[in-house]
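Number of protein chains: 2
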Amino acid sequence: MRDLMAITQRPDVISLAGGQPDTSTFPPESYAALMGRIAAESTARALQYGPTDGMAAVKDCIVEVMAREDMRVDPDDVLVTTGGQQVIDLMCKTFVDPGDVIVAEAPTYPGAVPSFAAYQADVVQVAMDADGMRIDELEDLLDRLEREGRRPKFVYTVPSFQNPAGVTMALERRRRLVAIAHERELLVLEDNPYSLLRYEGDPVPTLQSLDGGNFVVYLGTFSKILSAGIRLGWAVAPAPIIEKMNLGKQGVDLCSSSMTQLFVAEYFREGRWMEYVASLRELYRRRRDAMLDALAEHFPREAEWTYPQGGMFLWATLPDYIDTTDLLARALQEKVAFVPGRAAYLDGRGGSSMRLNFSGVGEDDIREGIRRIGKVVREQVGLYDTLTGAAQAATEPAPAPEDTAEVLHLPRREPGKRDARRGA
Amino acid sequence: MRDLMAITQRPDVISLAGGQPDTSTFPPESYAALMGRIAAESTARALQYGPTDGMAAVKDCIVEVMAREDMRVDPDDVLVTTGGQQVIDLMCKTFVDPGDVIVAEAPTYPGAVPSFAAYQADVVQVAMDADGMRIDELEDLLDRLEREGRRPKFVYTVPSFQNPAGVTMALERRRRLVAIAHERELLVLEDNPYSLLRYEGDPVPTLQSLDGGNFVVYLGTFSKILSAGIRLGWAVAPAPIIEKMNLGKQGVDLCSSSMTQLFVAEYFREGRWMEYVASLRELYRRRRDAMLDALAEHFPREAEWTYPQGGMFLWATLPDYIDTTDLLARALQEKVAFVPGRAAYLDGRGGSSMRLNFSGVGEDDIREGIRRIGKVVREQVGLYDTLTGAAQAATEPAPAPEDTAEVLHLPRREPGKRDARRGA
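First to last, the protein sequences are chains A and B.
Just remember that my numbering sits 9 ahead of the position in the first sequence, which is counted from 1.
Just remember that my numbering sits 9 ahead of the position in the second sequence, which is counted from 1.
Incorrect hints may appear among the rest.
Pairwise CB distance ranges (calculated) [what the hints assert, rightly or not]:
id	chain 1	residue 1	chain 2	residue 2	range
1	A	Glu252	B	Ser288	34 to 44 Å
2	A	Gly371	B	Ser288	39 to 49 Å
3	A	Glu252	B	Ala287	33 to 43 Å
4	A	Glu279	B	Asp373	32 to 42 Å
5	B	Arg184	A	Asp374	54 to 64 Å
Calculated cross-link-like contacts (lysine to any residue; reagent style SDA-like; alpha-carbon spacing at most 20 Å) [to be verified]:
id	chain 1	residue 1	chain 2	residue 2
6	A	Lys384	A	Pro328
7	B	Lys384	B	Tyr330
8	B	Lys344	B	Lys384
9	A	Lys384	A	Arg339
10	A	Lys253	B	Gln129
11	B	Lys253	A	Gln129
12	A	Lys253	B	Pro107
13	A	Lys253	A	Val105
14	B	Lys253	A	Ala126
15	B	Lys253	A	Ala127
16	B	Lys253	B	Met64
17	B	Lys253	A	Pro107
18	B	Lys344	A	Pro60
19	A	Lys344	B	Pro60
20	A	Lys253	B	Ala127
21	A	Lys384	A	Asp302
22	A	Lys253	B	Ala126
23	B	Lys384	B	His307
24	B	Lys384	B	Thr395
Read the hints as simulated data drawn from the structure, not as lab findings.
Virtual Cβ for every residue (Gly too), placed ideally from N, Cα, C.
Produce the complete structure using the sequences and hints provided.
What follows is the structure, given as structure tokens:
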């Protein structure tokens, strides 16, 4: 991931690898005006340490964001963190000893993998389909672990527009997951950076709102609705957990940046943050559509991919004889990057899949980037066909999806225009 | 510490507890101008993720600061971190498993205590005197640990104007410590936030410069020379260690704030950062003198304290029948705060000592704060004298310093005006 992040900085590479929001739409004159007001009123505060749990004014902004998710949150139950990533780290710091079990989705957020690994957690991943985590498989897993005398420290999920898969957990599954958490007194970490970035369909309640804040720890962030460069996220959790995470945060970085916290507070005071989110939604919806169109045009018929109703990512799966880690090296020669699927697993699976980001670059670059990836994929398919013999390939059926069942398959992809070319 | 930090936010309390720089001297018009330039040139970058290891422009600033410490640093050996605190966390994350030994000074930086505790380190503390860590005691300890088959993961030291004790490690001891590190292939974490804040005496080389970057990991920060609210520090270390810490940082917070990094880069471009540091030096020197004078005036003759040549703190020790944790509760009623000595130990020692900060508030508040603490200390001394009997106290000698040898004693306090009243 380190090299990948460095590559995303290179101007000649089209990166579909990162999780970047597009920050070019934020007006520089607003930025200057905001900062001018902070300078006039609070320079000394901006440059000073703040309270470990965050500034009260920022907690008020967070309560406002949560209200847009139909959540009523008490500021005392909020911990301001250095990005949403810090919530994952603090959850592990608070709860995980080496060898402890964390349950995650398969695939899971690639950025959580080094966090979990640093705490030497035993991460068990549960399959997903187009409706998100398979709760029936989760229950089987929990039963099995219980028989082994092992109790997961928490279930980690990105229920809306999942990173990396792009799928959303259906309401019924959410209710069931929350019920399981209550029945088994099991913590759930709901990582929810994207749900205000919905491009179609009806909103689904958060796990935290269904749970009432008993067993669900909620992770939110300003990264995707305002700025990733301010490094501000938050946790919402019952007071005893917030207290433990607060203690952990003291040891980790004392407090989050006062300078960037004042920026958020001043920005929200203008009262137009939802307009900006609406503009991002419109921008990213068009980019998603551009990516779906380009995939249909440039990827071979052997490939499949998910249909995200929001967020920033989709997940494409190639024939299992293609290794996307190897493919990336070839793609970089063509000046295009993606995240190889293996980064989203802790056990080496995902080798034929890739995560594609559609928020970070413009539509033209998306089309060109997908064209380039499509080119190297077709090369690999062609090479395979040559090696195995075109004649044999023509007479034998292609491997069924079940043969590569370790990665997410989505036969229930939404029908319609963006899919139409796939049957052609 | 959490409650203490909250208390420092209360305007009616004189806090000598925090580690705050005085940020009120930074000109708001400079802040606005800097931000205006960032807005014009780099709004999108300020709001975006950056590379995990930090922006190249910030590394250049760090190289410049290091040059002022007579250190020649390669930007590739630098990791930009979210405050210096994160270096401590990442060192533990990289090297410490539960039960591993870390060697620290006695007393040690109170903010390192929750970091070490979170990794379940076994922290062994080595005594200090006016010349810093007792290297002879360190060698005895290392020999003892070796016999037990235990190898410390690193030695943690704040060699210059130590937090909390205010003392500075003498050059001979620095050379010896570096030699020991080489002989025993032992890592040293040099935490050096204050050394540019020297008010008198000659600079002493950093451990890192004496070592040449082989066994010393250097921790630096902008917190004390520019701003704590930007949450930016750095590590300088050999490449393999930087790589491991970089991986840890990915899991912890992905990257440090782009917004605050651009602030630093733009600020250094003005070329006047050393002038600002010089103004802080002058300000803090006067405050240190005010505190030393006030201590001589208001503390009872049974108390003693260190004489810092720089930095932000001194360490006062009261008769051993006074518990400074209890005393703090009484002091807060008088609207004044300090850090009880026990916060600087992991084993309950330090109960009669306190850390006093002289950088965060003005001279008048320092004098008034010390007067208030002196008042509650005198109450305790009076109460003790009454309970034990004034007659007995008059005929028996006071306990010798050796009787409370668990805490730092400094018979070698600098002579001169600020001490003169103590004999009166």
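Hint by hint, here is what the structure shows:
1. Against the hinted window of 34 to 44 Å, the Cβ-Cβ separation of A/Glu252 and B/Ser288 comes to about 39 Å, which satisfies the hint.
2. The beta-carbon spacing between A/Gly371 and B/Ser288, approximately 46 Å, falls within the hinted interval of 39 to 49 Å.
3. The given range of 33 to 43 Å is respected by A/Glu252 and B/Ala287, whose C-beta atoms sit roughly 42 Å from each other.
4. For A/Glu279 and B/Asp373, the Cβ-Cβ distance of about 39 Å falls inside the hinted range of 32 to 42 Å, so the restraint holds.
5. Taken as a hint, the range 54 to 64 Å holds for the pair B/Arg184 and A/Asp374, whose Cβ atoms sit roughly 56 Å apart.
6. For the hint pairing A/Lys384 with A/Pro328, the CA-to-CA distance comes to about 15 Å; that is within 20 Å, so the pair holds.
7. For the suggested pair B/Lys384 and B/Tyr330, the alpha carbons sit about 16 Å apart, so the restraint of at most 20 Å is met.
8. Annotation: proposed proximity of B/Lys344 to B/Lys384 holds, straight-line Cα distance about 12 Å (limit 20 Å).
9. Taken as a hint, the A/Lys384 and A/Arg339 pair is honoured in the structure, with Cα atoms around 10 Å apart against an allowance of 20 Å.
10. For the given pair, A/Lys253 sits about 15 Å from B/Gln129 by alpha-carbon distance, which is consistent with the 20 Å threshold.
11. Taking the CA atoms of B/Lys253 and A/Gln129, the gap is about 15 Å. The hint holds against a cut of 20 Å.
12. Of the pairs offered as hints, the one joining A/Lys253 and B/Pro107 holds, with about 18 Å between alpha carbons and a cut-off of 20 Å not exceeded.
13. About 13 Å separates the Cα atoms of A/Lys253 and A/Val105, which keeps this hinted pair within 20 Å; it holds.
14. Restraint check for B/Lys253 and A/Ala126: satisfied, since their Cα atoms lie roughly 13 Å apart, inside the 20 Å limit.
15. For the suggested pair B/Lys253 and A/Ala127, the alpha carbons sit about 11 Å apart, so the restraint of at most 20 Å is met.
16. Using a Cα cut-off of 20 Å, the hinted pair B/Lys253 and B/Met64 holds, with the two alpha carbons roughly 18 Å apart.
17. The hinted pair formed by B/Lys253 and A/Pro107 meets the criterion: a straight-line CA distance of about 19 Å does not exceed 20 Å.
18. Taking the CA atoms of B/Lys344 and A/Pro60, the gap is about 19 Å. The hint holds against a cut of 20 Å.
19. For the given pair, A/Lys344 sits about 19 Å from B/Pro60 by alpha-carbon distance, which is consistent with the 20 Å threshold.
20. For the hint pairing A/Lys253 with B/Ala127, the CA-to-CA distance comes to about 11 Å; that is within 20 Å, so the pair holds.
21. Taken as a hint, the A/Lys384 and A/Asp302 pair is honoured in the structure, with Cα atoms around 15 Å apart against an allowance of 20 Å.
22. Simply put, A/Lys253 and B/Ala126 have alpha-carbon atoms about 13 Å apart, close enough for the 20 Å limit, and the pair holds.
23. For the hint linking B/Lys384 to B/His307, the alpha-carbon distance of about 7 Å falls within 20 Å, and the restraint holds.
24. Simply put, B/Lys384 and B/Thr395 have alpha-carbon atoms about 16 Å apart, close enough for the 20 Å limit, and the pair holds.
Figure legend: structure checked against the earlier numbered hints; every hint is met.
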